[in-house]
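J.: Construct the complete structure from the given sequences, taking the supplied hints into account.
Heads up: the protein sequence lines correspond to chains W and X, in order. Residue 152 in numbering that gives the first Met the number 0 is what sits at position 153 of the first sequence, and the numbering runs on without skipping anything. Residue 400 in numbering that gives the first Met the number 0 is what sits at position 401 of the second sequence, and the numbering runs on without skipping anything.
Keep in mind that a hint or two might mislead.
[As the list claims (entries may be wrong)] Keeping only pairs whose Cα atoms sit at most 30 Å apart, straight-line, the calculated DSS-like set for lysine-lysine is:
1. X/LYS298 with X/LYS284
2. X/LYS13 with W/LYS186
3. W/LYS182 with X/LYS13
4. W/LYS185 with X/LYS13
5. X/LYS284 with X/LYS13
6. X/LYS225 with X/LYS284
7. W/LYS185 with W/LYS83
8. X/LYS225 with X/LYS319
9. W/LYS176 with X/LYS284
10. X/LYS284 with X/LYS319
11. W/LYS83 with X/LYS13
12. W/LYS71 with W/LYS83
13. W/LYS186 with W/LYS176
14. X/LYS319 with X/LYS298
15. W/LYS176 with X/LYS13
[Claimed, not checked] Label pairs and their computed distance ranges (CB to CB):
16. W/GLU128 with X/THR390: 43 to 49 Å
17. X/ARG285 with W/ASN94: 43 to 49 Å
18. X/ALA394 with W/ARG101: 56 to 62 Å
19. X/GLU53 with W/ASN94: 27 to 33 Å
20. X/GLN393 with W/ASN98: 57 to 63 Å
21. W/ARG181 with X/ILE83: 37 to 43 Å
22. W/GLU128 with X/LYS225: 42 to 48 Å
23. W/LEU127 with X/ALA325: 48 to 54 Å
Note that these hints are calculated values from the structure, not bench results. Note that CB positions come from ideal geometry on N, CA and C, so glycine has one too.
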Amino acid sequence: MQEEPPVASATMSEANAAAVVLAQRILAGDRSAEDELVSTYRRGVFVIAVARTRDRDAALDLTQEILIAILKALRSGQVRESAKLAAFIQGTARNLINNYLRTKAHHAEVELDDEAYSADPVEELESLERRRLVQRELESFSITDRQILLLSLVDGHSLAEVAQRLNLSHEAVRARKSRAVRKITKKFARMSQT
Amino acid sequence: MQCQELHRDELAEKYLNGQLNPAAQDEFEVHILECVRCLRQVEAVQNLRQELDERAHQIRAYSQVEHSRFHWKWIPVAAFSLAICGLGAIELGRMKSSKSAGTHVPAPPSAASSAGSSPSSSAPLTADNRPVNSRNYINFTLNDSRVTRDKAPSTGSSPSTGLNLKGQKGQRARSNLVTVDGADATENSVNGVRSSASLAVAPSGEVPPASAKSQTPKIGSDETAKELFRLGTVQAPPYTFSGFASSSGHGASLDPGALSGKPGRSPNSQAQPFFRDAMDAYVDKRYADATDLLEQAAKEEPNAADVNFYLGVCRLLQAKPTDSIAPLQAVLVNVNANAKANDTSPWAQAAHFYLAKAYIQIGDLADAEAQLQTAATLTGRLSTEASSELTRLQAVRASEKPRSPGSPNP
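T.: Shown next as structure tokens:
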């Protein structure tokens, strides 16, 4: 299982300091630092790619492409402000995703000789497990909770609109939705810690 | 960006819905790359969205079933509550009157004068000697009935699990329930209430067919008329905004309630504002306003399936079945023109189904049957309902044929 990323419990300044150290280690050729960077940021990059492309398959490929580009930049010392590593990763991800969306054809621009960054079976298993977990939790929700989640998360209605449609109070809708999301988030956290 | 801000403003959902401006989106993404807790929440919402999107049809269909069940489930409860309230008021009145007049219950003038079987003497009537059918609703006592309920006029089949107050299993609820001093079953029994409510109270969003109001078909029996009334009843199909399919292809739903994301529809179309406003009115059940706006949208986009479909439905809901046929047929013409091989439009089934409703309302049962047959063969959420209604319509037509062999369709 992956380690908890260092930024989880650290303050942002500590995280920035850790990012500087990480960038320096990668620049110095430390391969374990590269693994650490990948395990720390892969899920976040994937979430961003899914959110922007709405295509999980494309997002998987793009995640690899983005991480490779970041590692290449860090290896060659192109990152000027390594304290702002997250901002650099986000910018890289945004640009590559936008390129993909413009062309709808993406090819890896560089190929690393290391195969450590190919599709990770552990990550795939975790993704599958997360999906099963959501399915189980969704089954346990009441139909009203499912309706609330569908109307707000998929259809994009505001809480007030959902409350009006379901003839519930705004507060009840907010509480039900918040409880449902919190429940799944907690299960995700537990799954990451095991 | 702070974590509290993310939770308070529901930024995760806005981000996933593409509702953040570019700067806020960048800031949010940097934050989730740095903050594992917020990243988990976004992941949770993202996974939830995916699962919900895949089950959207199921959840919506289930909601509709629950919604339609709601009315019937609560009607007996409402009737029971009314009965309890009524009995309470009556008991209160009886207590007041017994304080002033001892144990004698004053005979109501109307009861004494109108009932032929009532005693002609001027002696005050008591609860024991008063005839069953001459008592009024104000002053009576709760006794077991001396009249067998089975002699009462039939009010149709009665549920064995109804308001059986004395809990006798196996007996009809009507035979031993709410024995309101022996009054006639049709006057105050709960079954009487249920029976009349089932015909008079239409669920929200439904309108009785025009044929039942002004164009009553010449049919042989009341039961057939009632069945046709029920078959012609229109329930407004749901309309739910399901995201913008043009940007992602993700939010498009084939449900008739997810039209704004129809692929190929230009977001800059001049018809779009009319359609959007029309659907706002439709959701608010302002069908007349919706019709006006949809007519304007139809002028801009005469071939748009969603516009024509909801225009037809709105006219049906306003008891204008004849006017609804043209737009519903236009849906089918458009669908057929654009149909690809092995690609059935989600509009086809709904259009056939509501066309059938229109034909039933104008009394054209042959065409209605044909439309229902087509709707039942197509895949979609209305398949089961179309099959069921087709069977019922065929039964109605079969029952009518031997009775009036040479007569035209009712």
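J.: Go through the numbered hints given earlier and state which of them the structure violates, listing their numbers in rising order.
T.: Violated hint (a single one): 22; every other hint is consistent with the structure.
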